[in-house]
Every structure is written in C-alpha cells, then in structure tokens.
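Construct all of the structure, not just a fragment, from the sequences and the given hints.
Line order of the protein sequences matches chains C and D.
The C-terminal position of the first sequence is numbered 320 in our numbering, with every residue numbered one higher than the one before it.
The C-terminal position of the second sequence is numbered 731 in our numbering, with every residue numbered one higher than the one before it.
Hints were generated in silico from the structure; no laboratory data involved.
Since we're looking at a predicted model, the values are computed, not measured.
Hints may be right or wrong, so weigh each one.
[What the hints assert, rightly or not] Using 35 Å as the maximum straight-line C-alpha spacing, the simulated DSBU-like pairs for lysine-lysine come out as follows:
id, chain 1, residue 1, chain 2, residue 2
1, C, Lys42, D, Lys409
2, D, Lys674, C, Lys148
3, C, Lys14, D, Lys116
4, C, Lys148, C, Lys164
5, C, Lys123, D, Lys409
6, C, Lys112, D, Lys259
7, D, Lys409, D, Lys346
8, D, Lys413, C, Lys42
9, D, Lys259, D, Lys116
Given next are the chains, with one letter for each unit.
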Amino acid sequence: MLTKVQTNFEEKVHNLGRQGQLYIVPTLDGLKLLCLNLILLIIGLVYANNYVLLFNFILFCLFIGSMYYTHFNLRNLSLASARINPVHLGEKTNLTLTFKSKSALGHHFIGIKIKHHALAAGDLLFSFSLKDKQPSCKIEFPVEGKKRGVANLKRITVETYFPFHLFRAFTYFDLNLKTIVYPEKKLLDPFKIIEIADEKTGNEDDFYLKNFYPGDSLRRIHWKKYAQTGKLLTKQLFANEELPVQLGFSSEGLLPEQKEKELCSICYTLYELHAAGLHYGLALDKTSVEPGHSQQHLNNCLRALAEYET
Amino acid sequence: MKLNVKNLSYILVLINSLILFGEIPVSVLVITWTTTALSFLLGPQTLRAVIKPVILFGSLFFLKYHFKTYLVPEAGVSFVLILASLKLWELEKESDHFNMFLILALLESCLFLLKPSFMIFFLGMLKIVIFFYYILKIRNYDLSLLNVKRLLILVTPSILFSLLLFYTFPRFTSGFMNTTNPQLLFSGVDSQLNFKKLGPLNLSSKVVFRVIGLNAKEFPIPLLYWRENILWDYYKEEWKTGYLNLRSEQLPLPKPVSSYRVQLEKDYNEFLPILDGMSNITKSNLEFNFFSEGSFRLKNITKSTVSYEVNSSYESNWKIISPIMMRKGLRLKSDMKDKIEELLVNGRTFKDDQEKFQAIVDFFKDRDFEYTLNPPTYNSLEDFILYGKSGYCSHFAAAFAYLSRVMDLPVRIVSGYQGGEYNPFDSSVLVRELDAHSWVEVYFKDRGWVRYDPTATIAPGRIQLGANVFNEKLEPYLNFYYYKLPKSLLKFRFVDQASLWLDSLNTSFSYNILNFDKERQQQLISNLLPKNISLGIAFAFCLGVSLPVLWLFFFLASRTRVNKDEKRYNRFLKKMKSMGLQKENSETASIFSRRCMLTLPEHSEYIQNETSSYINSFYRS
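What follows is the structure in structure tokens.
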C-alpha cells in the first residue's frame with residue numbers, strides 16, 4: 011500500500027513539471043521508527059519514567075536530524091550537463107551526466123532513476139564531496155535501448171537515503187535529451203534478405219567473385235561454388251561494379267514482429283555494407299536515403315530505420 | 111565466531127535477559143532461552159510457523175496467569191523479551207534486522223523501567239548505537255563516510271534538541287499506573303528483627319541511599335546516625351514495628367536546622383531514612399506519612415527511586431511520648447524476666463531512671479561481649495544476655511532494650527544506618543548496606559528519647575572507624591580454601607576514586623534526568639520564561655523554534671566557505687557590473703579584464719590588480 015501511495019505521489023509530482031523542487035518522504039523504516047517513538051512516549055508517560063522519555067526524545071531527534079541531513083545531502087546539487095549516444099535495441103550506452111555542488115557537506119550515496127518507455131536503466135549510486143577538490147562529478151550511467159525510435163529523455167530522478175535510510179529525498183532534473191534507439195543489429199536469416207534493386211544488366215559472364223553480403227541479390231549467388239565449397243560467393247558484374255547497393259523494404263502485409271525482424275536484418279546489412287566500403291542507399295516506404303558511404307550516411311540510414319513507422 | 115548483525119542480535123537478547131535476571135520471573139527467562147535455542151534447532155519454516163504462535167500465545171496466557179494483569183511493567187517487559195527471542199527466528203532479510211533493531215530499542219526502554227540507573231541507560235544507548243552501526247553495515251554503506259565530523263554535525267544538534275524537548279515536555283502526572291507488582295511486595299522489606307534468625311552477616315557494599323547537601327566540615331560524616339524504622343513490640347524473640355497509630359502532622363524543629371536531599375535506591379522502598387534527631391521532610395516525589403515516633407513511611411511500598419528533601423535538627427531529640435508509646439515501650443513478656451532482673455538489680459535500689467540506665471550500661475560492660483560478624487545462633491534473647499559471648503549491633507540493641515524494659519525504662523529499638531562514605535566529587539554521602547545498624551532510644555522524663563548505642567560500648571571502633579574499615583580490621587583476610595589472602599592487597603586507591611567518580615556521575619544524572627518532575631520543571635520554566643506561560647505553550651514554542659534552528663544549523667554546516675580572494679574578486683565583479691560590464695560565463699578572468707580595460711581605461715590599474723590577485727591565488731598556487 012505504501013509503495014502504491016509513493017508511486018502515486020511521485021507521478022503527481024513528476025507531472026507538476028517543477029524543476030529543482032526537493033521532496034522528502036519517510037521510508038517504511040522511518041515510519042516504523044516513528045511508531046516506536048509513539049509507543050515509547052506512551053510508556054514514558056504512563057509509567058512516568060524519565061529515562062524512557064529521554065531515550066524516546068533522543069531517537070526522535072536523531073530521526074529529525076537524519077531528515078535534515080538527508081535533505082541537505084541532496085540540496086545544492088545541480089546538473090551541469092548531460093549527454094547520451096544513440097544506442098541499438100538491446101545494447102547499452104552511457105548517459106553522461108555532470109553534477110555540480112555548492113555544499114560543503116558533499117553528496118553521498120546519490121542514486122539516479124530513469125523511467126522511460128524506450129530506455130531501461132540499472133541502479134547507480136555515487137558520492138562526491140567538495141573536500142576532495144571535487145566540485146563537480148561526471149557520472150557514466152548505463153542505459154539500455156528497449157524500444158526502437160527516437161527517445162526523448164525528459165527528466166531523471168535523483169534521490170538519496172543517506173545517512174540512515176529513514177528518509178528518501180528526491181528531486182527531478184529536466185534534460186529534454188533526445189537519443190535514437192536503432193533496431194537491433196542482428197542477422198536473423200541470411201537467405202531471407204532484403205530485395206535489392208538490380209535493374210542494370212550487363213555481360214553476365216564478365217564478373218568476378220566476391221564475398222556474399224546480406225542484401226546481395228539471390229540471383230547473383232554462385233550456387234555452384236556454394237555447392238563445392240559451402241561458402242556463399244556473389245558474382246559481381248564488372249558492368250555493375252560502380253553501382254551502389256540499394257536496400258529497399260516495405261512492411262506491407264507483415265506482422266509487427268516480422269517487421270522488426272526485417273529491420274534488424276537491414277540494420278545488420280547496413281553495417282556490413284559500410285564495413286565493406288560499398289556505396290549503399292536505403293528506400294523505405296516513405297523515406298529514402300540517397301546512396302553514399304560515410305559515417306554520417308550510415309547514421310542517416312540508421313536514423314531512418316529507427317524512425318520507420320514509430 | 112564472526113561478529114555480524116545476526117550474532118549481535120543473539121548477544122543483545124541474552125545480555126538483556128541476564129540484566130533482567132531477578133526482575134522478571136525465572137520462567138520467562140527460561141522461555142526466552144529456550145526460544146533462542148530453538149532458533150538454531152528448528153529447521154523447516156513450516157514447523158517454525160506452527161510453533162511460533164504457540165509460544166507467543168502461550169506466553170501471553172502465562173503472563174496473564176502469573177501477573178494477573180498485563181499493565182504491571184514486569185509483564186510488559188517479559189512479553190517484549192519473549193518477542194525479541196522469537197524475532198531471532200526470522201533474521202533473513204534486511205528489513206528483519208531493522209525490525210529487530212526496533213524490538214531491541216523497546217527492550218532497552220523496558221530495562222530503564224525496571225532498572226532506572228545511569229549505567230543501564232548508558233549501556234543501553236551504547237548497545238543500540240552498536241546495533242545500528244551493524245544495520246548500516248549490511249546496507250553496504252561506506253561507513254567511512256560517517257566520520258567524526260559528520261556524526262558530530264548529526265548528533266550534536268539532535269542531542270541538544272532532545273534535551274530541550276525533554277525538559278520542556280509537559281509532565282501531566284506522576285504516571286497513570288502503579289508501577290509496582292503487588293505480588294512482589296514485602297519480600298526484603300525489613301520491618302522486624304527476629305533474634306533467632308540472627309546469623310553471620312554478609313556485608314554488601316550496595317548503596318542504599320545517598321545524601322546530597324550535607325557539609326562534611328559541619329558534620330562528622332562517619333559518626334552520623336540515620337534513623338529509619340522503630341521497633342516497639344517484643345514477642346516470642348521477635349521485635350516488630352508495632353503498628354501503632356502514631357500518624358501525625360510534622361513538628362516544628364528547634365534550631366539549628368540543616369537541609370539536605372536523600373535519594374533512596376533500595377530494591378523495595380517503604381521507610382524513609384533521615385538524619386537522627388528531629389527532622390521534617392519538606393518535599394518528596396512520592397506520598398508519605400509522618401509518625402510521631404520520628405519515622406517517615408511511604409504510603410505505598412514502591413520499587414521506583416524515591417527522592418525527598420529533609421530539614422534536620424541533628425542536635426535535638428524526639429520528646430513526644432503518648433500513653434500508648436509508654437505502654438509499648440515498657441511491655442515485656444518473658445519467663446526469664448525475674449531472673450534477669452535479679453541479676454541486674456543485684457539487691458540495689460535506684461533513685462531515678464539515670465541510675466537504672468547506668469546499671470544496665472555497667473552490666474553490659476561487665477559482660478565482656480565481643481563484636482563479631484559471625485556470631486553463633488542463640489536460642490533466645492535471654493540466652494544471649496545470660497550466656498552469650500559475641501554478637502553484633504542487632505544482638506546488643508535487642509539485649510539493651512530487653513534489660514531496659516526489665517528495669518522499667520521505656521525503650522525502643524531504632525534500626526537504620528550509621529556512618530557513610532563521603533564522595534568529594536559531588537559532596538554527597540553514600541550509605542551502603544554494610545552501614546546498617548541498630549541502637550536504642552531510652553526515654554527520660556526530662557530529656558525525652560535519648561539515643562544510646564550499646565555497640566559503641568562493646569566495640570567503639572565500629573562507630574569511630576565506620577563499618578567498612580572496622581570490619582576490615584576485624585576480618586583482614588579473605589579465606590580461599592586453606593589460604594588466606596590479605597584484603598588490603600585487593601584494594602586500589604584509583605579503583606575507589608573511579609567508583610566514587612562514577613557514583614557522582616550517576617547521582618547527578620539521576621537528579622537531573624530521572625528525578626526531574628513536574629515541580630522542578632515548573633520551577634525551571636518559571637525561572638527561564640516570563641510568568642503566566644503554561645508548559646504546553648513553552649513546549650510548543652521550543653518545538654516550533656527548534657526545528658528552524660536545527661535547519662539553520664545544517665544550512666550553515668553545508669554552506670561553502672568562500673575564500674577571501676574570491677570574495678574580493680566578487681566585489682570587483684559587482685563594481686564592474688555597476689559600471690555596466692558583466693562577466694559572461696564563457697569569459698575567463700583575463701579576457702574579462704582586457705574587455706574592462708578597453709572600456710574603462712581610467713581604471714586599468716585597479717582592474718589589473720584585482721584580476722592578477724585572483725589569478726595568482728587560484729591558478730598559480
């Protein structure tokens with residue numbers, strides 16, 4: 011029940027959109043201690059025992075003291091910069107955050123939380139203090155792409171339970187940081203490959219053999235060699251040598267899972283083509299990327315894949 | 111065995127059960143220890159889940175049966191102890207350990223209920239701190255972060271704040287419950303002297319009461335007599351209080367009067383010891399009755415600490431005598447009375463009471479009694495008077511009272527204490543169990559009740575040297591099988607000094623904390639605050655003010671200290687801003703200074719100086 015109340019509270023606060031507000035709530039342990047305080051107060055009053063009363067007040071004041079300490083452990087912490095690299099689905103990248111502090115007490119056991127539909131984050135605790143000549147702290151926070159598309163990381167939650175785990179102080183930092191989650195880079199079926207425009211024809215005998223790349227036309231595979239060696243080789247016509255490889259894909263008639271699988275294969279192919287130094291282009295339903303070969307070109311293609319029907 | 115939070119839980123439960131030994135029924139301790147042992151033996155969770163409620167509810171039934179009510183502290187403490195031992199069965203998760211911490215904190219406060227002393231409180235706090243340290247340890251905290259400075263920042267204001275709350279928290283009543291268990295009463299309350307049962311004495315150095323406020327220069331502390339209980343009735347070898355209805359209003363005291371405070375720390379308190387002579391109790395934390403025989407008794411026997419303030423006129427003596435007192439003071443039923451009278455009078459006639467009294471003293475001197483801590487058991491008091499050789503104060507006082515009554519002199523036995531140890535650390539007098547003493551008061555028409563100590567006649571050293579030193583001289587060796595070990599070898603001056611210092615600490619703590627009651631609180635508040643302010647408002651005010659003050663403390667502690675060079679540079683930036691030049695975030699100090707010098711060439715020297723000072727202090731060190 012407490013978790014539900016806490017979740018509702020956080021959602022409400024999260025949607026208020028007020029940056030920099032610092033919230034502090036007692037944890038379950040804190041509430042238990044408060045109940046003990048109440049019991050001890052009753053015992054102390056009923057039996058008129060000053061030791062019990064004093065013990066109770068000491069516990070209560072340490073409770074209040076820890077509340078302030080937890081609050082000041084997060085206070086004056088500011089986010090100086092944030093950066094995140096694009097990531098493939100299922101792969102991890104780092105969200106780089108730089109925090110700055112103005113607190114002489116430092117900040118200890120600060121945790122970061124991210125709630126995002128497209129990015130999954132693990133747990134991270136970090137500490138830094140001004141005493142160690144460390145007015146700022148660079149954090150590499152691992153995140154994992156879990157849904158293809160453009161992810162807008164609006165906010166992160168920064169929290170702390172230090173020193174006694176009796177209170178949880180938390181705040182939100184607005185990031186508005188966009189990143190792209192590319193499809194998974196995975197060759198699922200080497201033979202079920204994407205149709206490549208192969209309009210040009212030339213002298214069918216004038217060719218040399220090159221390694222097969224996914225995306226190569228099935229009609230160009232040298233099946234005889236494959237039967238002899240078990241190795242896929244493609245016939246590269248001298249006439250078509252300079253022509254770029256054009257990848258095309260349409261999701262028409264495909265189930266969503268199938269579509270994602272196809273996009274994974276295209277992604278893999280793009281990397282293979284890029285690594286082979288070939289010129290390649292991409293034609294999706296409404297989007298197309300002109301053939302080319304550069305890191306920027308690869309990024310454009312991957313971005314087109316990431317944004318495809320999302 | 112590695113010390114971890116689980117093992118520590120076992121240790122603390124066992125230590126606390128041992129501390130409670132003698133305070134709660136042994137059967138509860140047996141249940142606790144059995145439950146603790148079962149936590150090792152019972153493996154399957156299902157078996158545990160079945161047995162646990164059986165023990166829990168069984169204990170509840172047992173406690174109800176034993177104590178008749180759950181409201182006496184002993185019942186509650188017993189239940190918490192059993193609960194703690196049951197919690198030992200489920201120490202798996204992190205939250206279990208925290209719950210154990212809460213139960214142990216409750217158990218510690220239960221100890222304070224039954225054993226309210228400074229040492230128990232101090233040790234209790236220590237135990238809780240150690241346990242919490244281990245709780246933090248299992249939460250994988252970097253404990254080096256909780257260094258001395260941080261702990262001071264956290265603990266100092268909290269302790270100050272807690273003391274403020276403690277002193278201002280309104281004491282509504284002196285408790286809603288009677289804190290004594292009626293079943294445990296009267297065991298150990300010494301209101302009689304059975305001669306047949308007088309055997310060897312075991313000396314205990316446990317403090318019975320302490321007296322604060324007596325001037326050691328004014329009073330011969332080792333020679334003081336502390337009266338407690340008056341024994342009137344003698345019947346079948348037993349001296350009893352007599353249950354006379356002598357309750358009366360307190361009497362005015364002749365001067366000079368000395369004021370002091372007594373803190374009584376017996377296991378069970380009924381009689382209130384006061385300095386011999388006439389006394390009045392001016393203030394007490396519990397209700398009491400005064401009896402015109404010169405004794406004070408609590409209305410209800412209690413286990414809790416009693417504190418009261420007394421005015422005494424040490425030089426004077428009680429003069430009141432009523433017909434019933436006279437009758438009781440002379441009553442003696444004894445078959446041997448005539449024989450002893452014959453022996454005592456020896457054919458003489460006495461002019462007055464003084465001569466009778468002197469005859470008894472002479473008889474005592476002639477008998478050549480010896481003082482010993484190991485007297486033989488006598489069949490009767492007459493047996494002791496006629497044939498006895500050795501005894502201690504109770505023997506002598508009883509014999510003297512008997513002889514006085516034989517001679518028709520009204521007499522009563524006063525039991526109390528004699529002497530005491532002066533503690534220079536807090537100018538208090540510690541009176542211990544080994545100082546227990548008996549003497550008699552003989553009534554003379556012209557002088558009233560006059561104290562006479564027969565022991566002083568037999569063994570003057572016992573009175574002059576004090577019980578401790580005298581008994582050590584009497585028995586200088588400790589018997590260890592066939593060997594004798596001199597007691598002086600076991601005495602260390604620094605140990606005695608340390609124990610006195612600890613005792614003074616305990617006294618001060620008890621006075622300032624344990625005995626801080628409603629009246630003292632009102633006095634304190636009225637001294638500090640303007641009049642007509644109620645305690646509730648004072649408490650609310652303190653609570654309301656303390657929270658922001660505490661916040662301010664943390665705020666100041668967390669504030670970054672600005673370097674003086676940085677302050678100087680900030681002043682320079684402010685000045686430049688007032689002249690229309692603001693430093694951009696992207697600008698370095700030197701670039702900004704160049705811009706300033708271009709715009710304000712007339713201030714070039716000033717700009718140059720300020721900037722170079724800043725750069726020198728921050729970048730060239």
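Exercise. Looking back at the hints listed earlier, which ones does the structure fail to meet?
Worked result: Result: hints 1 and 5 break, sorted rising.
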